[in-house]
Structure formats: structure tokens, C-alpha cells
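Heads up: the protein sequence lines correspond to chains V and X, in order.
Each residue of the first sequence is one higher than the one before, starting from 1 at the first, in our numbering.
Each residue of the second sequence is one higher than the one before, starting from 1 at the first, in our numbering.
One or more of the hints may lead you astray.
Pair ranges (Cβ atoms, derived) [claimed, not checked]:
1. X:Leu41 to V:Glu15: 27 to 33 Å
2. V:Gly16 to X:Glu79: 51 to 57 Å
3. X:Arg9 to V:Gln14: 48 to 54 Å
4. X:Ser80 to V:Glu45: 29 to 35 Å
5. X:Lys18 to V:Glu56: 45 to 51 Å
6. X:Asp38 to V:Thr22: 21 to 27 Å
For lysine to any residue, the following SDA-like pairs were computed, each having C-alpha atoms within a straight-line distance of at most 20 Å [what the hints assert, rightly or not]:
7. V:Lys42 to X:Leu11
8. V:Lys42 to X:Gly109
9. V:Lys42 to X:Lys65
10. V:Lys42 to X:Thr103
11. X:Lys69 to X:Thr96
12. X:Lys71 to X:Thr5
13. V:Lys78 to V:Tyr31
14. X:Lys57 to V:Lys42
15. V:Lys42 to X:Leu88
16. X:Lys17 to X:Ile77
17. X:Lys69 to X:Glu53
18. V:Lys69 to V:Lys59
19. X:Lys69 to X:Thr5
20. V:Lys58 to V:Lys78
21. X:Lys57 to X:Tyr10
22. V:Lys42 to X:Lys71
23. V:Lys42 to X:Ala2
24. V:Lys57 to X:Thr101
25. V:Lys42 to X:Pro8
26. V:Lys59 to V:Tyr76
27. X:Lys57 to V:Lys69
28. V:Lys59 to X:Thr101
29. V:Lys59 to V:Glu83
30. V:Lys57 to X:Asp102
31. V:Lys42 to X:Thr86
32. V:Lys57 to X:Arg100
33. X:Lys17 to X:Lys65
34. X:Lys57 to X:Gln37
35. V:Lys42 to V:Ser10
None of these hints come from the bench; they were simulated from the model.
This one's a predicted model, so the numbers in the text were calculated from it and none came from an experiment.
We put the beta carbon where it would ideally sit given N, CA and C, even for glycine.
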Amino acid sequence: ILNVEQSPQSLHVQEGDSTNFTCSFPSSNFYALHWYRWETAKSPEALFVMTLNGDEKKKGRISATLNTKEGYSYLYIKGSQPEDSATYLCAFSGGDMRFGAGTRLTVKP
Amino acid sequence: EAQVTQNPRYLITVTGKKLTVTCSQNMNHEYMSWYRQDPGLGLRQIYYSMNVEVTDKGDVPEGYKVSRKEKRNFPLILESPSPNQTSLYFCASSLTDRGRTDTQYFGPGTRLTVL
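Build the full structure now, drawing on both the sequences and the hints.
Have a look at this one:
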């Protein structure tokens with residue numbers, strides 16, 4: 001994988017549902033994998049930076065895992081709330097920084 | 001408050017009219033960069049700067065210029081804007097190392113329309 005790919009592109013869930021999405025990235029020349037949360041009309045905000053294979057990070061109801069050998073990271077949101085609605089971006093940091101196109105999450109009350 | 005600021009936030013201009021988008025950070029970060037965001041595409045890096053007077057091209061530098069005369073400021077210059085530069089632009093900064101392992105802090109974005 002030369003580029004960073006995120007799936008799905010968009011996701012609609014009901015309040016209270018748990019959800020997850022995927023970021024796939026090149027498995028060579030790895031420095032770090034970043035996750036950002038981007039609300040409409042605001043700046044992307046950092047959620048996690050992960051550097052080691054097997055890393056797991058957690059912030060409240062949001063957590064992420066990292067597999068550098070196979071080149072993927074999962075972001076999980078437990079018990080989604082309407083305020084979780086945003087676009088979630090991942091960025092692969094190798095020789096340069098490459099962003100995925102994002103997963104747009106909409107949580108319906 | 002630690003922040004990255006950009007001005008203007010919105011700009012509508014015409015083809016060929018030179019413009020500058022300013023970016024300033026108050027965190028004493030060494031690394032700053034400019035990205036553009038287009039629908040269906042990830043953020044793409046235009047230029048970055050490792051420190052004062054040190055700048056380099058990113059993935060999509062054509063049609064853009066930058067300068068880094070002071071550590072806190074990193075303006076983006078469009079000498080002769082064209083409609084394909086209509087986009088949402090973000091400035092970002094991080095402490096060091098090109099943001100590889102450092103968190104990048106983003107500005108609020110500048111929505112540019114070139115007619």
C-alpha cells in the first residue's frame with residue numbers, strides 16, 4: 001500500500017452504538033501513526049500518536065490499536081454520542097507525512 | 001493559550017491576483033507546514049519548514065511559495081492564483097522532527113476560492 005487508506009468513507013450510527021474504522025498504511029519506513037478528530041469548521045485535533053507495534057491508546061470512550069507489521073490501525077468508539085460526530089483522520093509518518101481521506105462519522109440521537 | 005492562527009479565514013479572489021495567507025504559532029515550535037484539503041482526498045502537504053530559513057517542498061508545491069524569516073510565522077504565498085488552487089488550507093506546527101512522532105497542532109483553516 002503506497003497511500004494511506006481509510007474505511008469506511010462515511011458511517012451513520014445511532015447514539016449508544018459502538019463503532020470502529022480502519023486505517024491502512026505502508027508497512028515499511030514507519031515512524032508513527034497519528035489519529036486526528038476533525039469537526040466541521042474547526043481545526044483537526046490530535047487524538048493519538050502511536051509508534052510501536054501492538055500499541056494501544058485510550059482516551060475516554062475512544063481507543064486505537066496499531067499493527068505495524070501488517071500496516072493497519074483501528075479506531076474504536078464505545079457508546080457513540082452525537083458529539084462524536086466528526087471526520088476521523090489518520091496520518092502515516094514515514095519519510096514524510098501522509099494523510100488518509102478520513103472517515104466521516106455521524107451519530108444520530 | 002497555545003494556538004496556531006491563520007488569516008484570513010475566508011477569501012474570494014480572482015485569477016492572477018497575488019495573495020498571502022498568514023500563519024503564526026505561539027508555542028515556539030520548530031516545525032511548521034502547510035496543507036491543502038480537497039474533497040475525497042487526504043490533507044496534502046504543500047511546503048514545510050524545519051526551522052528559520054529552512055523550507056522544503058511537500059507533495060504539491062506547484063504554484064505556492066513560503067518563507068520562514070521568524071520562528072513563529074510561516075506565510076503561504078500564491079503569486080498568481082488559479083482556480084485549481086481553490087481549496088481549504090491548513091497551517092500546522094509541531095515541536096520538532098517534522099511532526100513524525102510529535103503531535104501536530106493545526107490552525108483553523110483558510111477557505112480560498114479563486115474565480
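Query raised in the report: Taking each numbered hint in turn, which are not upheld by the structure, reported in ascending numerical order?
Result: 3, 9, 13, 14, 18, 21, 22, 27
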